[in-house]
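**Q** With chain W's structure known, arrange chain C on it following the hints.
Residue numbers (UniProt numbering), protein chains in the order written: chain W, 1 to 395; chain C, 1 to 395.
Keep in mind the hints are simulated off the structure, nothing from the lab. Note that CB positions come from ideal geometry on N, CA and C, so glycine has one too. It is possible that part of the hints are untrue.
Unchecked claim - Derived coverage of chain W by chain C (criterion: at least 3 residues anywhere in the stretch with Cβ under 8 Å from a Cβ of chain C; other residues may be distant):
id : region
1  : 54-66
2  : 103-111
3  : 143-155
4  : 262-276
5  : 297-303
6  : 347-355
Number of protein chains: 2
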Amino acid sequence: MDEIRLARIALTWLVEPGNRAVFRLVGQFGPVDALRRLCAGDVTDQRLRTTVAARLAAGDPWQVAGTAAEVTERLGARLVTPEDNEWPAQVGHLERLTLAHAERRVDQETAPPLCLWVRGGWDLGEALERSVAVVGSRAATAYGQHVATGIGYGLADRGWTVVSGGAFGVDAAAHRGALNAGGRTVAVLACGVDRPYPVGNTALFDRIAEAGLLISEWLPGADPLRPRFLIRNRVIAAATAGTVLVEAAARSGATQTLRRALALNRPSMVVPGPVTSAMSVGAHELLREHPSARLVTGVPHILEEVGRIGADLAPPARGPARPEDDLDDESVLVLESAPRRGALGPEVLAARAGLDLRTALRKLSMLEQLGLLVRRDDGYALPEPGRRPAPGVPG
Amino acid sequence: MDEIRLARIALTWLVEPGNRAVFRLVGQFGPVDALRRLCAGDVTDQRLRTTVAARLAAGDPWQVAGTAAEVTERLGARLVTPEDNEWPAQVGHLERLTLAHAERRVDQETAPPLCLWVRGGWDLGEALERSVAVVGSRAATAYGQHVATGIGYGLADRGWTVVSGGAFGVDAAAHRGALNAGGRTVAVLACGVDRPYPVGNTALFDRIAEAGLLISEWLPGADPLRPRFLIRNRVIAAATAGTVLVEAAARSGATQTLRRALALNRPSMVVPGPVTSAMSVGAHELLREHPSARLVTGVPHILEEVGRIGADLAPPARGPARPEDDLDDESVLVLESAPRRGALGPEVLAARAGLDLRTALRKLSMLEQLGLLVRRDDGYALPEPGRRPAPGVPG
Numbered sequence: 001m002d003e004i005r006l007a008r009i010a011l012t013w014l015v016e017p018g019n020r021a022v023f024r025l026v027g028q029f030g031p032v033d034a035l036r037r038l039c040a041g042d043v044t045d046q047r048l049r050t051t052v053a054a055r056l057a058a059g060d061p062w063q064v065a066g067t068a069a070e071v072t073e074r075l076g077a078r079l080v081t082p083e084d085n086e087w088p089a090q091v092g093h094l095e096r097l098t099l100a101h102a103e104r105r106v107d108q109e110t111a112p113p114l115c116l117w118v119r120g121g122w123d124l125g126e127a128l129e130r131s132v133a134v135v136g137s138r139a140a141t142a143y144g145q146h147v148a149t150g151i152g153y154g155l156a157d158r159g160w161t162v163v164s165g166g167a168f169g170v171d172a173a174a175h176r177g178a179l180n181a182g183g184r185t186v187a188v189l190a191c192g193v194d195r196p197y198p199v200g201n202t203a204l205f206d207r208i209a210e211a212g213l214l215i216s217e218w219l220p221g222a223d224p225l226r227p228r229f230l231i232r233n234r235v236i237a238a239a240t241a242g243t244v245l246v247e248a249a250a251r252s253g254a255t256q257t258l259r260r261a262l263a264l265n266r267p268s269m270v271v272p273g274p275v276t277s278a279m280s281v282g283a284h285e286l287l288r289e290h291p292s293a294r295l296v297t298g299v300p301h302i303l304e305e306v307g308r309i310g311a312d313l314a315p316p317a318r319g320p321a322r323p324e325d326d327l328d329d330e331s332v333l334v335l336e337s338a339p340r341r342g343a344l345g346p347e348v349l350a351a352r353a354g355l356d357l358r359t360a361l362r363k364l365s366m367l368e369q370l371g372l373l374v375r376r377d378d379g380y381a382l383p384e385p386g387r388r389p390a391p392g393v394p395g
Numbered sequence: 001m002d003e004i005r006l007a008r009i010a011l012t013w014l015v016e017p018g019n020r021a022v023f024r025l026v027g028q029f030g031p032v033d034a035l036r037r038l039c040a041g042d043v044t045d046q047r048l049r050t051t052v053a054a055r056l057a058a059g060d061p062w063q064v065a066g067t068a069a070e071v072t073e074r075l076g077a078r079l080v081t082p083e084d085n086e087w088p089a090q091v092g093h094l095e096r097l098t099l100a101h102a103e104r105r106v107d108q109e110t111a112p113p114l115c116l117w118v119r120g121g122w123d124l125g126e127a128l129e130r131s132v133a134v135v136g137s138r139a140a141t142a143y144g145q146h147v148a149t150g151i152g153y154g155l156a157d158r159g160w161t162v163v164s165g166g167a168f169g170v171d172a173a174a175h176r177g178a179l180n181a182g183g184r185t186v187a188v189l190a191c192g193v194d195r196p197y198p199v200g201n202t203a204l205f206d207r208i209a210e211a212g213l214l215i216s217e218w219l220p221g222a223d224p225l226r227p228r229f230l231i232r233n234r235v236i237a238a239a240t241a242g243t244v245l246v247e248a249a250a251r252s253g254a255t256q257t258l259r260r261a262l263a264l265n266r267p268s269m270v271v272p273g274p275v276t277s278a279m280s281v282g283a284h285e286l287l288r289e290h291p292s293a294r295l296v297t298g299v300p301h302i303l304e305e306v307g308r309i310g311a312d313l314a315p316p317a318r319g320p321a322r323p324e325d326d327l328d329d330e331s332v333l334v335l336e337s338a339p340r341r342g343a344l345g346p347e348v349l350a351a352r353a354g355l356d357l358r359t360a361l362r363k364l365s366m367l368e369q370l371g372l373l374v375r376r377d378d379g380y381a382l383p384e385p386g387r388r389p390a391p392g393v394p395g
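Isolated chain W, as found in the complex (with noise of 0.2 Å):
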């Protein structure tokens, strides 16, 4: 492996993903000398001069990057960084990400990944290019993990990748669903790509890994240390075309991805539920603070958000079509002015639909004709129920 890419291994185990001032570093010197001037301490920021000590007494990290080079090889997956064709360009977007309130390390250190660990066939910029991310809450209900797999399925079964971060409740549920489509799937790990968490879905990810791609930022044998799920979560809104949000607790995880990609300005959207429910607090919440977080109820919405431009938009909800549909505004006065049972003569209808005489009369020919209404001895009534004519069936 080339010496860039062995510094750029170096780099994130060097220093948690994300850090602003090691990014500029690699953007201002190169992989390579940024690591040079990091090891040897050259560096003005006092905060990473101390973290980066500490990690240089627990090894060294060109060893370091050596062996997770070969254990890479050996798992048979892959190191993909900004160097290689495949490289998904639109995570570099995070370099001008900034989250209001940021005052959490993890809300600050949002700068893109020097580099992704990849398992599985596709090409990752490909794979990624029509992809949308389906995040919600570990914890969810029936509820919220049969519409993320309806979205999972319906994203896939139209050609989209779903992206989402392979843990239990809906994450997972939208990895099924898209599997369950033969569609793609991307689970953006936050610990290494040999080790994926948690070990219940080991079947799920084994599954990922055969039909899409398995990624991580981190060294292979890394941990899924708490604040690395924050971390991981920028890559999810940075890589998708949108994030939609399926259920989430006040104040989780899920919520924080949604952040990140109304930050990014990318579509950003929140499937609302039941106000009984908990588990969508955080999504309600959501709705109400971001004027830009967008309310959709399936996949129809989602494709308005991030599809093409004229293409995979939306029809407007309706009901069934009726008959009563086409009719002029005073034919719809006098068929809701006939009684809900017996009859009345064209005299009291005209009275009752505010019309005079002789207009009444005219709409009572054609409502008759249409079959709405019903002419008998002593006057016009409604068709009895099951006679009146069938719905879109005008006539």
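**A** Okay, now just chain C, sitting in the frame of chain W:
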């Protein structure tokens, strides 16, 4: 009864409420002269002239009004007009209401009512001054009824009058919730106050008449004709400080009430529901189409919209308080680096957290004091489940 009041009754009988031409005539000439001009055919609007002529063929307006006045008194009801102190002035805002895409007559004829019939002991203006409309589907699900009852209860409990249409489903649930709280509720009917519709809600209407108000702009004896429900809905929207939609199918009458509230620039609130429910399609469509339609999940959000500034404000959604919440960033990193099982020494924890050893030791000592980490012979470990400090009780 004086001439002006009788003229208002006669006008209401002569032309369906909401007619803009009639409302303008009354504004210009007063009710008595407006009635005289209409009866004499002394109006420019051809359609109005023929409507009036058809009505006049069915009876004499002054006589009809006199009879209605007698019936009103016999019922123990009363007529309230703009000349009365208890007239709810806010319905006058309907004068400026214009609906987008108003093609049907019911969407154009949205002028203020000329008078209102009232059954019940409360002062009408006072009852409606601090009121919220809660509307929704007649075919509400158990979820919708549960939510509407809760909102009705919560609003009434906070001293707000709950206004609705007395229909099955959401309307009835909202009324019942308010009654159960021992609060005030108002049913705005689309027929005479002597025969509230639907008859299946008769017991409910009796309770409302006793503890709240039944009101209508139609003469006693008037039928609940279908167009009247839409005409009535504008009064529900205009009489209240805001409207909440709980459940609505696509293209339902309840969505029309909310559209009227939106057009009046009143707080227009929508409760979301499961996207798998046909009964929430209309609600979600409104939230998608109207940026000023506000998603609400319960009474605190509703009060935030309609309440006086500074009072009745909703707290942000939060999970239960945890001792970790008040930790600084570096302590969080150390805490998150502790292994799920077993213990780790300070050097390893420092490296995992990306901190220098001295900082890590300081944070470890504090975390130990807070009971969030335990110091053992083999290093620092998470406390056993059940031995962690209780939420909200740091230290």
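**Q** Given that the region 143-155 of chain W was listed as covered by chain C, double-check it with a C-beta distance under 8 Å for 3 or more residues.
**A** It holds, with 3 qualifying residues against the three required.
**Q** Apply the coverage criterion to the region 347-355 of chain W and chain C: a residue qualifies when its Cβ sits closer than 8 Å to a Cβ of the chain, and three qualifying residues are needed.
**A** As far as the region 347-355 of chain W goes, the hint holds, because 7 residues have Cβ atoms under 8 Å from chain C.
**Q** Using a Cβ cutoff of 8 Å, are there at least 3 residues of the region 262-276 of chain W near chain C, or does the coverage claim fail?
**A** holds (count 6)
**Q** Taking 8 Å as the Cβ threshold, is the statement that the region 103-111 of chain W is covered by chain C upheld or broken by the three-residue rule?
**A** Since three or more residues must qualify, the claim that chain C covers the region 103-111 of chain W holds, with 3 doing so at under 8 Å.
**Q** Taking beta carbons only, do three or more residues of the region 54-66 of chain W come closer than 8 Å to chain C?
**A** Since three or more residues must qualify, the claim that chain C covers the region 54-66 of chain W holds, with 4 doing so at under 8 Å.
**Q** Please count how many residues of the region 297-303 of chain W have a CB within 8 Å of a CB from chain C and say whether that reaches 3.
**A** holds (count 3)
In the structure shown, no violation is registered for any of the earlier numbered hints.
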